[in-house]
Each structure stands twice: as C-alpha cells, then as structure tokens.
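> Just so you know, the sequences run in chain order A and B. The UniProt record's numbering numbers the first residue of the first sequence as 1 and each following residue consecutively. The UniProt record's numbering numbers the first residue of the second sequence as 1 and each following residue consecutively.
It is possible that part of the hints are untrue.
Unchecked claim - Stretches of chain A that chain B covers, calculated by requiring three or more beta carbons in the stretch to come under 8 Å of a beta carbon on chain B:
no., stretch
1, 35-45
2, 78-92
3, 207-217
4, 249-258
5, 261-269
In short, the hints are calculated from the structure, not lab data. Note that this is a predicted model, so its numbers are computed, not measured. No residue lacks a Cβ here, since even glycine has one placed at the ideal position from N, Cα and C.
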Amino acid sequence: MSAPPIAVSAPRSAGRRWPVGVLLATVAVAIVALAGLVAPWLTANSPLDQDLLAINKGPSADYWLGTDHLGRDIWARLLYGARFTFGISIAGTAIAFAIGAGLGLFALALGRWSEATLYAGIDLIRALPGTLLALLLIVGLGSGTGPLIVALGISFAPLVAYVARAAFHREAVRDYVHAATSFSGGRIHVLVRHILPNIVGALVTQAAIILPRCIVTESVLSFLGVGSSPDAPTWGRMIADSSRFIERAPHAIVIPVLALVVLTLSLSVLGNDLRRWLDPVRENAGEAAEPAEIDPQLAMPR
Amino acid sequence: MDRLASVLFAVLRGLVQAACIVALTFFLCRVMPGDVVDVLGLEGGLTADQQVEMRRALGLDQPLLSQFVTWVSHALQGDFGRSLRFDQPVSDMLANALPVTLRFAFLSFAFGVGLALLLAIAATAFRSRWLDGLIDGINIWSIAVPTFCAGFAAILIFSIWLGWLPVIGGLLMPVIIIGLDNAGQIVKSLREELKEAVMLPHVRTARAKGLSPWRIAIAHVLPAAAPIMLALSGLALGGLVAGSLTMEVLFALPGIGSLTLNAIHGRDYPIILAAVTVIAVALVLINTVIDILHRLIDPRLA
C-alpha cells in the first residue's frame, strides 16, 4: 500500500505478478500454518501445563516468550494456538460451504420455488448480525469447540448462499447451459457437470475471503467467553484469558494480538489477490446490474 | 407495483423478520443445556424438591409452545418478566442499559459514516491516489483487525502507558474504534460508487461548465449515489451491534451488550430474550425504514 507506484505502467502480459504485499502475506500464512503443523517439534512445553512458580513472567530461557497468569508457556500456546485457530476456522468455513453452497445450489438447480423458499428463509434471519447469531447458537448448542465450529459455519452459511446464487445466475443464462438443458440434461446433471465447474473459481475465492473473517469471529466469540474449550487454546482465547492481567503482563496479550492481526491481514490480502486472479469477471464488471444488489461480500457477519 | 404496496410489503417483511428472530431466540434459549435452576442449584445447593417447585413457579414445566405464547403476550404489553438472578423487572434493567448503548451506537455511527463520506467525496473530488490508498488501508484494517484487538492496543497505549484516557466508562476510544471499523466497511464501496457516478453525463456537463470539484461532488455526484449510501449505512448497523457487544465488555459500559453477555453466562434467559428482542426489533425497524426510503428515492425499485 505504502510502496511508491513505480511499476504501474509495466506490461501485465508478463504473467502472474507478485506484489510485495502478496509475497509477504504468503510467507506469513505459510509460517503460521507450518508452525501449527509442527508445533510439538518447536517446543518441548505443553500449551496447557501450569508453572505456578512463574506467573506473568517475561521472556526467559525456559519460556521464550514468557508465561501467562497461570504460568503457561506463551510460546507453546502460540504454536498450538496456530493449530487450533486455523483448524477451527477452516472447519467452520467448510461447514459454511457445505450448508450455504450445498443447500443453495441444490435449491437453485431445482427451480424457482425452491429458490424462493430457501432464500426467503435466509432473508428472515438476515437482519441478525452474524456474531449475534453465532452467540445465540452457542447458547442453544452449549459451549465448547464442537458447537463453536457449527455456530461459525451456520452464521457464515447465508453469505455463501448469496454468493452461490449470484454465481449461479451469472452462469445460468449462458448458451452452454441452454445447450445442455435442450439436450435434455436434468437439472442436477446440468448443475454438477456444467455449471459447477464454472463457478468453482468464484466459490474458492469466497472461501479464501471468508476464512479470515471466520478467524476474526472466532476470536470475538472467545473474547466474549463463548469460544473454544480451555484445552483448545486459540489465539482469541489466549487474548481473552489474559485480558484481566493487561497491566501486569501486557506481553501475554500483545503477542497473540499481533499474531492474530498478522494472520487475518495476510489472509485478507491473499483472498483479495485470489479474487482478482480467479474471478476476474466480478472484479472488472462489478455487480452493479441490479440497483438494489450490494456485493454480498459486504454483508459480512460480524 | 405502486409505491404504497411497495411500502406495505417492506413493513410486512420487517414484522415477519422480527417475529422470526424472536422465535428463534426463544427456542435457542430453551434448548440450551442446563437451565437457570440447574445453575442456581449448583451454586446454592437446592434440593430436588425445591428445584421442581422452582421450575413450576417459573413455568418451565409447561410445553414449549405455551411458554412461548405466554411470553409473547406478556412482552407485547412491555412485560419481559423478572431477571432470574437479580430479581428485578427485566424491562427496568433494559431501560437502564438502553440509553448507554444508544448513545454509544449513535456516536460511532455518526463518526463512521461521516468519516467514510468525507474520505470518499474528497478522493472523488481530488482524484487523489494518496486518499485512495488511505481508503484501501482503512478497508483492510476493518476486515483484518478485530475491534477488541484494537481496543486492547488502545487501552495499553493510551490508558496504561501514556495515562491519557480512562479505561472504564470512557467513550472516546470505543467510539473511534467502532467508527473506524464502520467506515472501513462502507468507504470502499462508496468510493467505487462515486467513481462510477462521476462518469455520468450530467456530471461531465457540470465539470465542463467549470464548477468547483467540491460543488460537483456534493451537488451532482452525491445524489446519484444516494441509494447505495442508504444501503451501505444499513450494513454498517450490523457491525455496530457486534461492536457494541465487544466494546461494552472491554470498556465496562453498562449497556445492552454487557447485559446480554452477563445474562448468557448466568443462563438468565428472560434477559437474553428481552435484549435480543430489543436488538432485533431496532435493527429490523431501521432496515425497514432504509428499505422504504430506498424504494421511494430509487424509481427502479418501486
């Protein structure tokens, strides 16, 4: 963003460009993902063990990033936290797609009535902001990691369903769909064999855009005290746990906050870049055809 | 469809939306594992007989549907029952909390939308690359930085290290944080919309006549972008609700958000229900007003 616009007039045909921001974001995400995967090799400490003789301590030889208010190793929690933060959000995004795209595309393929019914249903709860919906779902499902994932998935599903609808309608009027239909292709057949391959790019892009939002929502829920269970410390939960000790042990908050912001920032940058690359139609033409239609991107649950 | 029918439709949809959200909340509250009697039983050591007696007194032994009907008929008369933990009428507690949240939400909204408008208009009027960069920056900030993380950073820097602002009860920090977040959500679309509006023939005419950039932006471009601005400010409201939740908890503001969360942790469902009902009705009301205004000013929709 702040880099001077030197290469503005450089030819674009030279293939894929790798702007510095995208490069940095890729590296950051790769590091976090790797850290989560090989966490046990990077630290000998457990993220849950408490050392009551070292509470709210700064960095030391034993605890590289210090300890929190229960004497837990922040470095170990950060590494395992990468695993849980990623894992929970990826699972939540997957559920959002299974429900939103699965149900949405099925209803769209079946015809006008099923489409109208499903989307009227979604419209009814749309006024509820995603965070509040997720909060209420956790109230109903009980707290813990499983309900958290389900609640995240359900609260993001409407967004996916809207994107699926926009992509579906964009393709449904194309000649190849008419051709497939007039060769007596069934609705589901046309959806799976003809339309789906053409909207996969848009859906993958959407997944990349939803993932960081899922991470943010998870951290907000953790902050509000209805996040993952204590044995699955996400970065959001680390922040929430240490919040009362912000004066005595600011490092216990600053470290996970920085990690969280770097991760969501990097994922957002990557998502935007992916969108430019895989889904150029939307980027160039926009979706301004319908006067009332707002980019479903924007209607992000928060 | 003529305008009256269109407005009536919007009102009807709003009513159905509010009813659905309230019903959803009611049933989610009732299926939540462990009711208030269990919680109180654990804390106060009620005997099994006392628990049965308490459930009967609270109407918890009735079928769900009749509980719902009873609750709705009371709620319509402004009676949301009594708090199970504080033994106060819920409506009193709401009345105490509502002004806090309303003041906070109004200030944040005004700051956020004002900032977004100012930036978008200035960027359009002066076609400034620098301002566009700033807009991108705020947009990415709002997507990637959870508001509570920004809140912790602000507390650490301005309250603890610099000692300028109080943590508890101060409105300045939360209003700026939520306002920035709001602005970031809408400013980019606003800018895109204004960019398109600048291309309109009547704007080109105005420029050819030699009007000043600000005059063109405010008198000619802005009215063309009014419908999308309405829709965008509706979107910002969702962020406001989630923002109120986190900021009220973080900065100890005794508003609806704090009330709701305390109620969720204490299984105090008359308060959860009443608070979510108030939030839902307020959101639906505002969205309906926006919808109606939208239909009135944009002839393509009516």
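> Taking 8 Å as the Cβ threshold, is the statement that the stretch 78-92 of chain A is covered by chain B upheld or broken by the three-residue rule?
violated (count 0)
> For the stretch 35-45 of chain A, do three or more residues have a beta carbon lying closer than 8 Å to a beta carbon of chain B?
Violated: only 0 residues of the stretch 35-45 of chain A have a Cβ under 8 Å from chain B.
> Verify the coverage statement for the stretch 261-269 of chain A against chain B, using a C-beta to C-beta distance below 8 Å and requiring 3 or more qualifying residues.
holds (count 6)
> Verify the coverage statement for the stretch 249-258 of chain A against chain B, using a C-beta to C-beta distance below 8 Å and requiring 3 or more qualifying residues.
Since 4 is at least three, the answer is holds.
> Within the assertion that chain B covers the stretch 207-217 of chain A, do at least three residues meet a Cβ-to-Cβ distance smaller than 8 Å?
As far as the stretch 207-217 of chain A goes, the hint holds, because 3 residues have Cβ atoms under 8 Å from chain B.
Taken one by one, the earlier hints fail for this structure at numbers 1, 2, listed in ascending order.
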